[in-house]
Structure formats: structure tokens, C-alpha cells
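Residue numbers (this note's numbering): 2 to 124.
Keep in mind that the hints were calculated from the coordinates and are not lab data. Quantities reported herein were computed from a predicted structural model and do not represent experimental measurements. Check each hint, because a few of them may be wrong.
List of simulated lysine to aspartate or glutamate pairs, DMTMM-like, C-alpha gap at most 25 Å [as the list claims (entries may be wrong)]:
#1 Lys47 x Glu82
#2 Lys53 x Glu94
#3 Lys53 x Glu83
#4 Lys47 x Asp57
#5 Lys53 x Asp67
#6 Lys48 x Asp67
#7 Lys30 x Glu83
#8 Lys47 x Glu94
#9 Lys53 x Glu107
#10 Lys47 x Glu83
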Amino acid sequence: YAVPARHLLDAVRDVLSKQPPPARVKGWKAWTNNIMVRPLLARYLKKQVAAKARPDHYPAPYAMIDLWNLHFSMPHRMMEEEAASVARLVMGETAQNLVRVFFLQERVKSLTIHTMCMSSVAV
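Using the sequences and the hints, build the whole thing.
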């Protein structure tokens, strides 16, 4: 706001005294929070995720969709459940296998680089 210096304090008081209007979601996004629409949307999202990742190989996206579907209207409960879900996922067999695969891939990369260097030296 541009106000003369003599009106500055009044302008500051005026701005601070007015509460901003509550944020409202408009259009189709408002429907995503509807308790009747959320289960349908969750089923659709799971189908979309299933096209890219199997639930037994990548359970995290499915867990996130379930958390959103079940606990969206209770933010504090959702955060508690999210923390428990992350702990289950991280300590689960799938996560351990993914970490193992990552380290095996890194090992193969280092062996490949090493053998390439050795073959070029021998030539």
C-alpha cells in the first residue's frame, strides 16, 4: 500500500485489524476433499499408480493414497498415521530389498568401470 507518511500508522492498524478471507478451494479441486468423492478418486489413483508400479514392489504410493482417503479430514490423525506408515515402510522387507538392489547396482557399476580400465590397459 502506498500512503502518505502522516497516515502510515492508521493504514498499518487498518491492514492488521482486517482478517484475510479464508482460503477456499474452487472448481474441481473442491471435490477432491468431498467425503463421497474421495473413495472413488482413491480407486482411480490406485489404478493410475498400478500402471506404473506394483503394490508388492512399491507400496509407498498406495499407502499414501490410503492415508489421504481415510484421514484427510483429520490432519493431526493423518500426520500420526503417516509417521507410523513411513516407519512400517522403511522397516519393511520391500524397502530393505530396494536398498540391497541399490547397493548391488552400485557395486556392478564399480566393477564394470574397473574391468573397462583393465581391458584398456591390457590393449
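Can you list which hints this structure breaks, lowest number first?
Checked against the structure, no hint fails, so every one of them is satisfied.
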